[in-house]
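Protein sequences appear in the order of chains A and B. Residue numbers for the first sequence follow the numbering used here, beginning at 26 and rising by one. Residue numbers for the second sequence follow the numbering used here, beginning at 26 and rising by one.
These aren't lab readings, by the way, just hints derived from the structure by calculation. Do not take every clue at face value.
Simulated restraints, written as ranges between beta carbons of each label pair [claimed, not checked]: (1) B:A134 to A:K333: 53 to 61 Å; (2) B:Q116 to A:S310: 22 to 30 Å; (3) A:R201 to B:D191: 31 to 39 Å; (4) B:N383 to A:G180: 29 to 37 Å.
Selected chain B positions facing chain A (Cβ under 8 Å, derived; list incomplete) [to be verified]: (5) V235; (6) W240; (7) F245; (8) R247; (9) S310; (10) P346.
In this text, all values refer to a predicted model and were calculated from it rather than measured experimentally. Where is the CB? At the ideal position from N, CA and C, for every residue including glycine.
Protein chains: 2
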Amino acid sequence: MAPQNGLSRRRLLGGAGAGVAVGAAGFGAGFGVGRLSDDSTAAASPTGGLDAVDLGQSIDFYTGAHQAGIDTPQQRYCVFMTFDLTASTSQELQVLLARWSAAIAQCMAGEPVGSVAPDRVGAVAADTGEALDLGPASLTVTVGLGPRVFDERFGLAGKKPKLLADLPALPSDQLRTELTGGDLSLQACADDPQVAYHAVRDLARMGRGVVNTRWVVLGFGRASAGPGQSTPRNLMGFKDGTRNIKEAADLDEFVWVDDDVHWMTGGGTYQVTRKIRMDIEIWDSDDVADQQRIFARFKQDGAPLTGKDEFDTPDFSATGPDGQPVIDPTSHVALAAHENNRGIRIFRRGYNFTDGINEVGQLDAGLLFVAYMNDPDHFIQLQTRLGRSDALNEYIAHIGSGIFAVPPAPEKGGYLAQGLFA
Amino acid sequence: MAPQNGLSRRRLLGGAGAGVAVGAAGFGAGFGVGRLSDDSTAAASPTGGLDAVDLGQSIDFYTGAHQAGIDTPQQRYCVFMTFDLTASTSQELQVLLARWSAAIAQCMAGEPVGSVAPDRVGAVAADTGEALDLGPASLTVTVGLGPRVFDERFGLAGKKPKLLADLPALPSDQLRTELTGGDLSLQACADDPQVAYHAVRDLARMGRGVVNTRWVVLGFGRASAGPGQSTPRNLMGFKDGTRNIKEAADLDEFVWVDDDVHWMTGGGTYQVTRKIRMDIEIWDSDDVADQQRIFARFKQDGAPLTGKDEFDTPDFSATGPDGQPVIDPTSHVALAAHENNRGIRIFRRGYNFTDGINEVGQLDAGLLFVAYMNDPDHFIQLQTRLGRSDALNEYIAHIGSGIFAVPPAPEKGGYLAQGLFA
């Protein structure tokens, strides 16, 4: 298995409270940050606790394996942006990816992408400056390539990743053109939103003349250090990510590509992003028993309706005194569960967002859903079921969407997707 | 002078690096967080440093003096929202302010505003739940009342604060109706945006039938723990707030009202908020020498063009070898300086924001400017000059605006603006 991207003891501390005893710092221990089960209740500090995130912490870009920002323990903020290619040659794309790679490595190291205040008279600064001295803040920038990179324009059709194609129309989709698609994606995650924004802004600036910005979401979310609480909550007030993939073996099985075009092997994956609107004002008027039926979880502690603890496995066959299933078969958890989907799993990174107040005067908010998988059909299968039947659909709508092939990270001296241009 | 709202040694640590030696914990020491001058360079930890903010920290609501969130050391995130009153009687407003007061006190203590998951079948939850166990995160919620609260509708005209009136049209204003005005304002600041958002969301929900949401901004910004860097940077990459008021005596002179209606005395003030768009993509194409001329500061370290250190006093009379003023009289610092405005000062809390991508495909970003003063005419005078002549106007536009009277905080057992209804 590829080495992990800068996992460290402090992420565990940051995610689960300064009081948690840390075991082995390897994958199994480090990866579970924010999703610790047994340990978190026992050893967590009092509610709130010291926020021990070290903003001086940096993560390596040049891993030579999969890009950082996928299995990296989830940072608190995310800026996700997509771009349309306006280039006319593959060489322009190649140069952009090479320049982006160098700049991403600098940003992740906490350095400006060039001079902030050059001495030369009349010189424009290479770096926009707003993240000066803010530290690396565990920044990761993950780059993806959309299906149209491989259309007739650039002569790259023969190197298209095997499973990369536009997503089909899915049940309940309410996609908006201006929030959908893109030829390139940047997912910048950091423990400071200004650090993430700075990176995307400077990369966008570097792309002028080659790419146009298309859509962007600023997301936030924090796993708490409180007792019994380590999974972040979405803006519906429910824990989100309890059953997410946590083990390296499952990443191997479901996330990293195995047999694909050569430039995707050694750590490539596919990224599906959805901007999901939540009608939170309507949701807030629903009674909690119904909310719990819809998720199939208790709101307070996140336990499945058939269990006592958050990480108990839901029992989809359990029936209540009335003979009816305890877990509604149209609940979100039931429809999304791998037990009910021939074992299919995808790996998710979710962030909350707010867009202020919408056109009808209600709070405009939702979930930025970024998922990684080695076969986009897994997302299509899951979302087809959810889009058709999910009881949650009354309160949410998928309004933005994108699909991207995510190549491995380069070795030092190389750049992203270098093999595509060989 | 009134006691301070929960200032503590840890704010100093959080703002200026864990390595800073802390002197007296009183006003003068605590208030300077993020703006320390001499100490910050000498004693700060390495770039980034440990983010020592304690998210378990809470601030008192019932101070009996001015509300928290004004001179409280600036937290990292802000949700600012205004509301239109739809009530028909002053009693409805009175009840809302009483309910808001109790709920704000709970949120600031890190508690939900009521049950998240009530046992009773069919019960709607009092609290929306997304901040459960996230800790108080130094939340403050500051409430203001706009001019129209005192129109003919509610019979409160006789108790209108002496200096509360709609702002006049100011030079360069590009205000949008949907981002301007409001009868009530909430400024929720916290070290976690989800905690701030939760508070505003639940207060808005509590106001259904009495108020409608009008406009909202989510702001962010972090003073760094890095060497030589303690003032936050705006999205133009410049330090913002270097010359802000720092001393209690100056707050007494310029912020707290002295002679006003009875319910404003004992800690009241006026709040002026502006949503300021920054054309950052155009700004980024300007050369740094010109950017520095516009601000009259060096970009890298924030020193005035006539000085060497950030906190050096600008010398507006200095001339260069060519006989021209070193500081352009149309620079932002020159026009805003109290030395050039008959001594007038206002107290500012600024946060960066991004609204994604605008209608012409450019990054949509700017500054949420919240200022406190004991005479709104001070803002009017300053912005009249700036709006007319500021070299920065080529790159910014004031697109949102509001003015509010901010009453003192209640004693325990009371509620905000209680004297208004006596």
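Verification of the supplied hints:
1. With their beta carbons about 29 Å apart, B:A134 and A:K333 fall outside the hinted range of 53 to 61 Å.
2. Roughly 24 Å separates the CB atoms of B:Q116 and A:S310, a value that falls within the hinted 22 to 30 Å.
3. At about 36 Å, the CB distance of A:R201 to B:D191 agrees with the hint of 31 to 39 Å.
4. At roughly 34 Å, the beta-carbon separation of B:N383 and A:G180 lies within the given 29 to 37 Å, and the hint holds.
5. For B:V235, the suggested interface contact is broken, since its CB lies about 14 Å from the closest CB of chain A, more than 8 Å.
6. Residue-level restraint check for B:W240 holds (minimum Cβ-Cβ distance to chain A is 7 Å; threshold 8 Å).
7. Because the smallest distance between the Cβ of B:F245 and any Cβ of chain A comes to about 5 Å, under 8 Å, the interface hint for this residue holds.
8. Interface restraint check: B:R247 against chain A, minimum CB-CB distance 6 Å, threshold 8 Å, status holds.
9. Evaluation of the B:S310 hint against chain A yields a held restraint, the C-beta minimum of about 6 Å falling below 8 Å.
10. At a threshold of 8 Å, the smallest CB-CB gap from B:P346 to chain A is about 15 Å, leaving the interface hint violated.
Hint compliance for this structure: hints 1, 5, 10 are broken, all remaining hints hold.
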